[in-house]
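J.: Starting from the structure of chain A, add chain B where the hints point.
2 protein chains.
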Amino acid sequence: MDNFAFYSPTYFAFGHGAEAQAGSLVRRFGGSRVLIHYGGGSAVRSGLIDRVKSSLEASGIPYTLLGGVKPNPRSGLVYEGIDLCRRERVDFVLAVGGGSAIDSAKAITAGAVYDGDFWDFYSGKPIENALPVGTILTIAAAGSEGSPDSVITLEDGMLKRGATGDAIRPRFSILNPALTQTLPPYQTACGITDIMAHLYERYLTNTPDVEVTDRLIEALLLTMIHEGPRVMADPDNYQARSNIMWAGMMAHNNSCGVGRTQDWNSHNIEHELSAKYDCAHGAGLAVTLPAVFTYVMEHDVMRFAQVAVRVWGCQMDFAHPEVTARAGIEALRAFLISLGMPRNLADLGADPADIPELVRVLCRGNGRNGAISGFVTLTEEDCANIYRLMV
Amino acid sequence: MDNFAFYSPTYFAFGHGAEAQAGSLVRRFGGSRVLIHYGGGSAVRSGLIDRVKSSLEASGIPYTLLGGVKPNPRSGLVYEGIDLCRRERVDFVLAVGGGSAIDSAKAITAGAVYDGDFWDFYSGKPIENALPVGTILTIAAAGSEGSPDSVITLEDGMLKRGATGDAIRPRFSILNPALTQTLPPYQTACGITDIMAHLYERYLTNTPDVEVTDRLIEALLLTMIHEGPRVMADPDNYQARSNIMWAGMMAHNNSCGVGRTQDWNSHNIEHELSAKYDCAHGAGLAVTLPAVFTYVMEHDVMRFAQVAVRVWGCQMDFAHPEVTARAGIEALRAFLISLGMPRNLADLGADPADIPELVRVLCRGNGRNGAISGFVTLTEEDCANIYRLMV
Numbered sequence: 001m002d003n004f005a006f007y008s009p010t011y012f013a014f015g016h017g018a019e020a021q022a023g024s025l026v027r028r029f030g031g032s033r034v035l036i037h038y039g040g041g042s043a044v045r046s047g048l049i050d051r052v053k054s055s056l057e058a059s060g061i062p063y064t065l066l067g068g069v070k071p072n073p074r075s076g077l078v079y080e081g082i083d084l085c086r087r088e089r090v091d092f093v094l095a096v097g098g099g100s101a102i103d104s105a106k107a108i109t110a111g112a113v114y115d116g117d118f119w120d121f122y123s124g125k126p127i128e129n130a131l132p133v134g135t136i137l138t139i140a141a142a143g144s145e146g147s148p149d150s151v152i153t154l155e156d157g158m159l160k161r162g163a164t165g166d167a168i169r170p171r172f173s174i175l176n177p178a179l180t181q182t183l184p185p186y187q188t189a190c191g192i193t194d195i196m197a198h199l200y201e202r203y204l205t206n207t208p209d210v211e212v213t214d215r216l217i218e219a220l221l222l223t224m225i226h227e228g229p230r231v232m233a234d235p236d237n238y239q240a241r242s243n244i245m246w247a248g249m250m251a252h253n254n255s256c257g258v259g260r261t262q263d264w265n266s267h268n269i270e271h272e273l274s275a276k277y278d279c280a281h282g283a284g285l286a287v288t289l290p291a292v293f294t295y296v297m298e299h300d301v302m303r304f305a306q307v308a309v310r311v312w313g314c315q316m317d318f319a320h321p322e323v324t325a326r327a328g329i330e331a332l333r334a335f336l337i338s339l340g341m342p343r344n345l346a347d348l349g350a351d352p353a354d355i356p357e358l359v360r361v362l363c364r365g366n367g368r369n370g371a372i373s374g375f376v377t378l379t380e381e382d383c384a385n386i387y388r389l390m391v
Numbered sequence: 392m393d394n395f396a397f398y399s400p401t402y403f404a405f406g407h408g409a410e411a412q413a414g415s416l417v418r419r420f421g422g423s424r425v426l427i428h429y430g431g432g433s434a435v436r437s438g439l440i441d442r443v444k445s446s447l448e449a450s451g452i453p454y455t456l457l458g459g460v461k462p463n464p465r466s467g468l469v470y471e472g473i474d475l476c477r478r479e480r481v482d483f484v485l486a487v488g489g490g491s492a493i494d495s496a497k498a499i500t501a502g503a504v505y506d507g508d509f510w511d512f513y514s515g516k517p518i519e520n521a522l523p524v525g526t527i528l529t530i531a532a533a534g535s536e537g538s539p540d541s542v543i544t545l546e547d548g549m550l551k552r553g554a555t556g557d558a559i560r561p562r563f564s565i566l567n568p569a570l571t572q573t574l575p576p577y578q579t580a581c582g583i584t585d586i587m588a589h590l591y592e593r594y595l596t597n598t599p600d601v602e603v604t605d606r607l608i609e610a611l612l613l614t615m616i617h618e619g620p621r622v623m624a625d626p627d628n629y630q631a632r633s634n635i636m637w638a639g640m641m642a643h644n645n646s647c648g649v650g651r652t653q654d655w656n657s658h659n660i661e662h663e664l665s666a667k668y669d670c671a672h673g674a675g676l677a678v679t680l681p682a683v684f685t686y687v688m689e690h691d692v693m694r695f696a697q698v699a700v701r702v703w704g705c706q707m708d709f710a711h712p713e714v715t716a717r718a719g720i721e722a723l724r725a726f727l728i729s730l731g732m733p734r735n736l737a738d739l740g741a742d743p744a745d746i747p748e749l750v751r752v753l754c755r756g757n758g759r760n761g762a763i764s765g766f767v768t769l770t771e772e773d774c775a776n777i778y779r780l781m782v
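Listed in order, the protein sequences are those of chains A and B. The first sequence maps to residues 1 to 391 in our numbering. The second sequence maps to residues 392 to 782 in our numbering.
FYI, nobody ran anything at the bench for these hints, they're computed from the structure. Note that the coordinates shown come from a computational prediction; the quantities given were computed from them, not determined experimentally. Just so you know, not all the hints are guaranteed correct.
Stated by the list, open to error - With the C-beta cut set under 10 angstroms, the calculated list includes, among others, these residues of chain A facing chain B:
hint: 1; residue: M1
hint: 2; residue: H16
hint: 3; residue: G17
hint: 4; residue: F172
hint: 5; residue: P177
hint: 6; residue: N206
hint: 7; residue: V212
hint: 8; residue: T223
hint: 9; residue: E227
hint: 10; residue: M232
hint: 11; residue: D234
hint: 12; residue: Y238
hint: 13; residue: M245
hint: 14; residue: V258
hint: 15; residue: M316
hint: 16; residue: F318
Glycine residues also receive a C-beta, built at the ideal position from the N, C-alpha and C atoms.
Extracted from the complex, chain A is given alone in its bound form (with noise of 0.2 angstroms):
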């Protein structure tokens, strides 16, 4: 195991009812000039905002409000919303939506105290000082109600890229399950392989001898596995959107992630599908980690294998390794399936022909120089490889 620093000091209210709790949890963490940021109708249609809004009228915050956001969340929007920090002198941002909603809100609050050009935290700089965050969550997968990332798409140029950093950790999250059940099927899908990714990029590792977190790691999994089937077939199932939920923070707040290196070339590769096709992002990982693995497999046979048996049940093919490990990643392929993921670049509405572009942007944009690094370094050859065995 590596050496680590771990801290998640986000407070989780769960449960039943929970953004009731959201006047006093801005109060609690030194809120009192509150922007509200969320995305589309949904929020506002369930009554969602309306219930918000009076939390904190109960507590005496004021707010003003900042709708909009979009799946691929842009910049454009992130530069209205620190304009309207500054203006209305804003000292708390409450995110109520997904990752689109939450990441938009984080880039916000780094922006809105910085003097520069908030793209700067997304082309490498750390970012060190932000208003506080907090967050009311709508839907189970992108982990950011209790991460550090942010990710955010640049307009010119369509880049996509993320930026971390301690002060976007958000103050505190709200997780009431019941808020996610009005969810489409399909978004419900694209979050459970959301949150199975931030798994699996977990899972690939380099670093040996990491037992507990390959165990938590396969935990995560395991509940997915398990609850991710009964969701799909009854989606007003509180029990199982709960489990879900929880798994989903877990699976990105890194108590499952200290001390190993991760991958996260399968995040890579598939910005560069929904930067461009404004594809779910849940959908582009579901078509990018079999092909990712398929092709990298060989880099580490037994722990592809490890991943087979110990979560999918496969059995050890002891003469044959590869055998197992190649189960194993039909079995991925096959479950998100049959929860209505797309199966190929087609089914994302993404064109073969533009594989070259895709690989340039990829490999040659943001600053970086022909590859990217993660499990296995990939040259622009092996992405070029990679998106071919998606189609």
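T.: What follows is chain B alone, placed relative to chain A:
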């Protein structure tokens, strides 16, 4: 899953030489005058206390020392520490040691800012304020490095009782697995037992539909089963020590215990043993756990069968699940004995003739009225029967 709040804001610095960060971490978390609180001579002899002093000096932080914490830490030293903190205007307590030093330090931090008797907190009064506390852990066991809990023994009557509150959660904890390499094998085994007990206490729940936390608990138990024998065979194994150390923290910061009722009757029953006979808490638990589980198994046979199959690798006897459930309990017992743990009351130096007195203090002491509640509510007769199973 039940509604819950989860808050674990401790900063963890993990790895080789992490104790060198003591000074900068005290500074980061607001300390300017430190009480270093520790146990016996081993922390001094090993040079650890000197390294901690050097780190504080390098950060320009004055300190005072209070050693002498014993296993099953006593109220007397807590009163002494409270006086010392007030006299020296200490604003940060740094515990160096295991659960005893940390629990004693937590009691001091709560008592130092309270006008009444600190024992009030161990008699049910919530802890709302405390000086900040940090820890440098030297044994993976109690999980106090990441928990809001403290257990102290009142010398007047030898009552062993717990207190809890977010105010006594450590601001930071330094976890260097190498510091645990010099532990005597018996203490290492006691620590492993204590960690497994924290997991079982959470596993025994009456809350249905808690797949995610079931799986997380199982993951940590599997880790202990893998790493325990490895570290007993090779005490210098840094990697095995690392996996155990992180599992010990995760077992008790409650990330795997949220949203579910928990048991804690095994701890209650054991506390009378270590309070009366001053045996190691882990050793007492090794005798207690199989007895309690055997006694309460019928309350939920399938739960015991589940842990038997998923954790201990038992074959499921579908016609007779109680056979599987019992096999899992026996596997636990055999595992603990294989680590060198005691088998019965005699091994602990306890006298079966004392059982009526143990039961009286357990079920009637400190405001209890004849029973202890948990996974199963246990009457005085039940508790006596359980102690008799340990003979």
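J.: Indicate, hint by hint, whether the structure satisfies it.
T.: So, going through the hints one by one against the coordinates:
no., hint, in the structure
1, M1, "holds, 4 angstroms"
2, H16, "holds, 6 angstroms"
3, G17, "holds, 8 angstroms"
4, F172, "holds, 9 angstroms"
5, P177, "holds, 8 angstroms"
6, N206, "violated, 15 angstroms"
7, V212, "holds, 4 angstroms"
8, T223, "holds, 5 angstroms"
9, E227, "holds, 6 angstroms"
10, M232, "violated, 15 angstroms"
11, D234, "violated, 12 angstroms"
12, Y238, "holds, 8 angstroms"
13, M245, "holds, 9 angstroms"
14, V258, "holds, 7 angstroms"
15, M316, "violated, 14 angstroms"
16, F318, "violated, 17 angstroms"
Violated hints for the displayed structure, listed by number in ascending order: 6, 10, 11, 15 and 16.
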